[in-house]
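So the protein sequences, as listed, match chains A and S.
If you want this note's numbering, it's the 1-based position in the first sequence plus 5.
If you want this note's numbering, it's the 1-based position in the second sequence plus 10.
Check the hints yourself; a few may be wrong.
Computed, partial: chain S to chain A, Cβ under 7 angstroms [said to hold, decoys possible]:
1. Gly-87
2. Lys-91
3. Ile-94
4. Asn-123
5. Gly-188
6. Pro-209
7. Pro-212
8. Thr-215
9. Glu-219
Simulated crosslink set (DSSO-like; lysine-lysine; CA at most 27 angstroms straight-line) [stated by the list, open to error]:
10. S:Lys-246 / A:Lys-137
11. A:Lys-215 / A:Lys-128
12. S:Lys-64 / A:Lys-152
13. A:Lys-23 / A:Lys-139
14. A:Lys-10 / S:Lys-14
15. A:Lys-128 / S:Lys-14
16. A:Lys-215 / S:Lys-246
17. A:Lys-215 / A:Lys-237
18. S:Lys-91 / S:Lys-14
19. S:Lys-246 / S:Lys-64
20. S:Lys-246 / A:Lys-139
Ranges of calculated distance between the beta carbons of each label pair, as one might list FRET restraints [as the list claims (entries may be wrong)]:
21. S:Gly-230 / A:Glu-251: 53 to 61 angstroms
22. S:Asp-182 / A:Asn-72: 33 to 41 angstroms
23. A:Thr-82 / S:Gly-220: 26 to 34 angstroms
24. S:Ile-94 / A:His-36: 43 to 51 angstroms
25. A:Ile-122 / S:Glu-213: 23 to 31 angstroms
It should be emphasised that the hints constitute simulated quantities derived from the structure, not laboratory data.
Even for Gly, the Cβ is constructed at its ideal location relative to N, Cα and C.
Listed below are the residues making up each chain.
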Amino acid sequence: MSNYKAITLEERQRLRQKRIRKHQLPNILTHWFNVGVWVLLLPTGLAIMSSPRVSITPIWLQVSIRNLFGGPANLITFHYTIGLLWIFVLVWNVLFGFRRYFLPFAQHRMMLDKDDIGWLMTKPAQMFGLLKDKPLPPQDEYNAGQKMYMYVVMLATAGIMASGVIMTFHEFFPPILLQLAQPLHFVCVGAVVAGLMVHVYMGAFFPEEKESFFSMFTGEVSAWFARAHHEKWYWRKVEEELEWEERVRLQSQAASEHPQPAVDPQQPG
Amino acid sequence: MPQKNHYAFVIDISRCIDCRACLVACSVENSVPMEHTRIWVKDLGVQGEFPALKRSFVPYNCMHCDNPPCIEVCVSGATYKDPISGLVLVDQEACIGCGYCVEACPYEARYLNEKRGVVDKCSACTQRLEASLQPACVATCLGGSRMFGDLNNPDDPIHKAIKNARSSQTLDIVYRSGRETDPNILYINGDVENSNIKPKLPEYTLAEEGWKNVLMPLVGLGIGAAFLGQAVMFTKELLSGESEFEE
């Protein structure tokens, strides 16, 4: 469990000054590209869905969005054009950033460990006001809830892309696939949006997570935030720093014993 | 805005000789592929006792219903009832050819053009109507069996045909409690109601039915619960203030 509440005020203020890098620039840009695309695609997608049996938006909204684009055909063309662009950019980013950005991103952030299971067993109960005294296990760079949502998003994104491609190039696919692609598209978007409610609330409105919102622009969080919310990650960062210190100390020792041209020791990332 | 025109086909069964010139004219006018057709001539079979035998034929196409079940299932609104003419049309730029509507049509008047990946059906030759011409099938009908006109226009010749007819029938069907298709093909001078031409109840594909009845409530529940959860949290935070975390 985390002892962060016992930290003194002075120490807190010192930790607040110290910045730790959480997001790399390509990941930040991909995130905001994704936001922009979702802002364009979600309303147009809802407006396309206009059958009385499965539509969920009021008719005036469907009509106004349709009229804005000039009829259902243009609306659909816009929707799939942006969608194809989204698929292209996302696939491009994952493929070309695979070793440099995606693997480091996935390594410590995706696999569930013992603490995550404990978190998943405690946190939902706490949300309903139970087990209030039970401490939460320390969390890594992303907590177990975020990890679970990541799985949902990755599966749903694959589903959205596959069904979207089938519907866009409809003349090359049998009708049965087209019939199934539509509900699949809907369900995948629904799963993402259900999590998005919490994601946007936590990121943009929840006061304790204020720093995580700004970190999506600067890429950095304070050491205090890391210590309080992502303790395991914070201690790993401290360890890296200590190792670096130790390496520098050994190098300077060696240099003083056997004088050699100075080599810049590499800073940890 | 009330519908301006109320286009309808009036078909005189006693005058059809099953020459199928209308099928040819339709396919040529609308570039229908060889293996498909937008319109049909149905055979009622031989009726009566020898020697008083009778055989009649029923020209048949989309009924341009007032309450079309096909439109209810079209997800994108690619098929729609034109608000001015009242015709049931397909916007093939928007259609993806999933075939929900093909299954739902009680008259089986739609077909799937798999090569182009779109659904196609009788459009009452809107391109000809705009030029004040009759639909191709009507213009070519040598027996004068097929007629087409505007029921809202009292001067239209179809009113005369209806008035002088011995009988006037439609292939109406109740497909939901209190909801009928109200088709806009009037069959005159013949009996189609008691014949082998039977409209079927609309069929809903498993994908569409499951979407409406299972996935819709499921996703609604998920999104609703998530929204409610964050709304409760948000209100709580608002009421308690964020003093706890600020030094």
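Okay, the hints, checked on the actual structure:
no.: 1; hint: Gly-87; in the structure: holds, 4 angstroms
no.: 2; hint: Lys-91; in the structure: violated, 12 angstroms
no.: 3; hint: Ile-94; in the structure: violated, 15 angstroms
no.: 4; hint: Asn-123; in the structure: violated, 9 angstroms
no.: 5; hint: Gly-188; in the structure: violated, 15 angstroms
no.: 6; hint: Pro-209; in the structure: violated, 20 angstroms
no.: 7; hint: Pro-212; in the structure: violated, 11 angstroms
no.: 8; hint: Thr-215; in the structure: holds, 5 angstroms
no.: 9; hint: Glu-219; in the structure: violated, 9 angstroms
no.: 10; hint: S:Lys-246 / A:Lys-137; in the structure: holds, 16 angstroms
no.: 11; hint: A:Lys-215 / A:Lys-128; in the structure: holds, 20 angstroms
no.: 12; hint: S:Lys-64 / A:Lys-152; in the structure: violated, 75 angstroms
no.: 13; hint: A:Lys-23 / A:Lys-139; in the structure: violated, 30 angstroms
no.: 14; hint: A:Lys-10 / S:Lys-14; in the structure: violated, 73 angstroms
no.: 15; hint: A:Lys-128 / S:Lys-14; in the structure: violated, 61 angstroms
no.: 16; hint: A:Lys-215 / S:Lys-246; in the structure: holds, 17 angstroms
no.: 17; hint: A:Lys-215 / A:Lys-237; in the structure: holds, 20 angstroms
no.: 18; hint: S:Lys-91 / S:Lys-14; in the structure: holds, 13 angstroms
no.: 19; hint: S:Lys-246 / S:Lys-64; in the structure: violated, 81 angstroms
no.: 20; hint: S:Lys-246 / A:Lys-139; in the structure: holds, 21 angstroms
no.: 21; hint: S:Gly-230 / A:Glu-251: 53 to 61 angstroms; in the structure: holds, 57 angstroms
no.: 22; hint: S:Asp-182 / A:Asn-72: 33 to 41 angstroms; in the structure: holds, 34 angstroms
no.: 23; hint: A:Thr-82 / S:Gly-220: 26 to 34 angstroms; in the structure: holds, 28 angstroms
no.: 24; hint: S:Ile-94 / A:His-36: 43 to 51 angstroms; in the structure: holds, 47 angstroms
no.: 25; hint: A:Ile-122 / S:Glu-213: 23 to 31 angstroms; in the structure: violated, 47 angstroms
Of the numbered hints listed earlier, those contradicted by the structure are 2, 3, 4, 5, 6, 7, 9, 12, 13, 14, 15, 19, 25.
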